[in-house]
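Here the protein sequences line up with chains A and B, keeping their order. Each residue of the first sequence is one higher than the last, beginning at 4 in the working numbering. Each residue of the second sequence is one higher than the last, beginning at 4 in the working numbering.
No lab work stands behind these hints: they were computed from the structure. A couple of the hints might just be wrong.
Because identical chains cannot be distinguished in the list, a pair is counted as satisfied if it fits within a single copy or across any two copies.
Said to hold, decoys possible - With a straight-line Cα cutoff of 20 angstroms, these simulated SDA-like cross-link-like pairs (lysine to any residue) come out:
hint: 1; residue 1: Lys195; residue 2: Ser215
hint: 2; residue 1: Lys149; residue 2: Gly183
hint: 3; residue 1: Lys182; residue 2: Trp229
hint: 4; residue 1: Lys24; residue 2: Arg35
hint: 5; residue 1: Lys182; residue 2: Gln148
hint: 6; residue 1: Lys195; residue 2: Leu55
hint: 7; residue 1: Lys242; residue 2: Gly192
hint: 8; residue 1: Lys200; residue 2: Asn223
hint: 9; residue 1: Lys242; residue 2: Ser225
hint: 10; residue 1: Lys258; residue 2: Gly183
hint: 11; residue 1: Lys149; residue 2: Pro164
hint: 12; residue 1: Lys242; residue 2: Thr256
hint: 13; residue 1: Lys195; residue 2: Val176
hint: 14; residue 1: Lys92; residue 2: Glu196
hint: 15; residue 1: Lys70; residue 2: Leu136
hint: 16; residue 1: Lys70; residue 2: Asp91
hint: 17; residue 1: Lys242; residue 2: Asp252
hint: 18; residue 1: Lys182; residue 2: Ser139
hint: 19; residue 1: Lys149; residue 2: Gly34
hint: 20; residue 1: Lys21; residue 2: Leu55
hint: 21; residue 1: Lys24; residue 2: Thr56
hint: 22; residue 1: Lys70; residue 2: Arg59
Number of protein chains: 2
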Amino acid sequence: MQNERLILVSNDDGIDAKGLKTLIEIASEFGRVVVVAPERGQSGMSHSISLLTPLRVRRVVEEDNLKVYAVPGTPVDCIKLAINQLLDKKPDLMLSGINHGSNSAVSIIYSGTMGAAIEASLYGIPSIGFSVLDHSPNADFSLVQKYAPALISEVISKGLPSQICLNVNFPVVSENEFKGYKICKQTTGVWKEDFEKRIDPYGLDYYWLTGSFHNFEPENQSADEWALANNYASIVPVKIDFTDYNSIDFLKTFKLNKNGTETK
Amino acid sequence: MQNERLILVSNDDGIDAKGLKTLIEIASEFGRVVVVAPERGQSGMSHSISLLTPLRVRRVVEEDNLKVYAVPGTPVDCIKLAINQLLDKKPDLMLSGINHGSNSAVSIIYSGTMGAAIEASLYGIPSIGFSVLDHSPNADFSLVQKYAPALISEVISKGLPSQICLNVNFPVVSENEFKGYKICKQTTGVWKEDFEKRIDPYGLDYYWLTGSFHNFEPENQSADEWALANNYASIVPVKIDFTDYNSIDFLKTFKLNKNGTETK
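Start from the sequences, fold in the hints, and give me the full structure.
Structure below.
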C-alpha cells in the first residue's frame, strides 16, 4: 500500500547535493520515490524555464522504489519533464530541497527550490519546499530529518488546498534550542546589494553579486524571519496570485480614457 | 526639468529587441533614460539571478540623455547592477519590455520582463512591465506607442503604492477594435506542457518544451485573460507576497507537536 504512494523529489542544488540525498531518505519512508533534479547547482534560478535549449535526461538510478533522473536544466524544467514525460502517474506528493541556505521572506522569489515546489503545486500536487539556514555543502540536516516526517504525515493525511504549497525553513540551532514549527506569513523586505567590483587578469572590470536582507517588519511575530530568529522552523503557505487587490480601486482613479480608451 | 527625471529601462528579449527600442522612444518623452538590458534573449528567466558567474557591463551608448548598458546576465541582474552600480541616483520610474509575447495570467511567474519590473518595485521604484501578445521579432507595437504614454503619465503624477508594480499586456488587434485599458486581477490557471520528444543525429533523445494555458476562470470578467480576449489591454497591480493567508488557520490544525514541537 505504502509503495503505491508516488513521491516526486527535486531541488536546486543539483543531483549531488547532500540536502537532496537526505530528502530522498526522508521521502522513502512514505512511498515510492522518483527524483528529477538538475545536473548542476541552480541556486537563484527562481521559476525560470528553458525555452531556448532542449532538455536531455540522464538515468542515474532505475530501481523499483527509487528512480533518479538528472536534467541539464532548471528546477522548474525538472518538474515539467517529470509530470509530463517521466512519471507513470501524477505524484501524490512533491518534496523540494533540502536547500542549503535560507528561502525565507522575499528570497522565495529567487529560489529554485521553491520554484520547483510552486510549479508542482500549480498542477494540483501537494508540495513542500525544505531549506536550512546554512549554505555550506556539509550543512547539518538533522533537525529536518527529525521533524519533517510529522509535517509530511499531516500533508499526506489532510492534504493542502488546491495550488497551495509550503515554504519551510529551519534555523541553525541545537535540538535543545529548537522550538518547533510556527505557521507564518512571508516577511516584507528587500535584498540590498553590495556588488563587489574586481579587475580580471586582463584589466577588465567584473562584478560579484553579494547583499544583505533589509527586514521591514523585524518585530512582527507572524513573519517567517521573526520565527527563524527565535529558533522556530517557519511554515509559510504559498499561493501564486501576484495581484495586489488593495491597489485596484486606486488604479481605477487613473485617467486613461484618452483617445477613446476607458478604464473599467 | 523634464531632463531631471531618471527612467530606467530593461527587458528580457535582449539589447537588440525591437520592443526595447520602441520602449526607449516612449520613455525618452518623459525624461533622461538609462537602459540596462541583457546581452541576449532571457525569455523564461523569471526572477533568476547570477550567483555562480560574475557580471560584466558593455557600454553601448553614453550620451547625456541616453545611456545604454548591456549585461551578460538576467533581467533581475540588470536591475540590481543598475540601482547599485551604474546609476547616479535612484530612478524615478522603471519601464520593462516591450515584451514580444504575453505575460498575462500565471505567465508572470516565468517572465523575465516582469522579473525586472518586480525587482525595481521591491526597491520602491514605480515600475511598469509592458507586453504584447505577439512573439514575433517584428511584433507591431503601435498600440503601445499610442496608449502607454497616458498610463506612464498617470503613474508619474499619482505614483504607485510602495513595492507595487504594474503588469500591462496588449492584445493584437487593430486600433478600431481596441477597447482601451482594463484594471484586472491575475487569471488563475496552469500551463500544461506537451514536450516534443526528438532524436538527435547521434540517436539520443531530447525534449523541447511547448505547452498551452489552461484557464480556470474563462468567464471571469475581472481576470486579465478575459480582458485580453475581449480586446482590452490588461493592467494587473502586482505585489510580491506569496503568503496564502486563507490557509493559515487550516495549517494550524496540523498536529506537529511530536517530540516537543508545537504549532503556533
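**Prompt:** Against the structure shown, which of the earlier numbered hints fail to hold, in ascending order?
**Reply:** 8, 11, 13, 15, 18, 21
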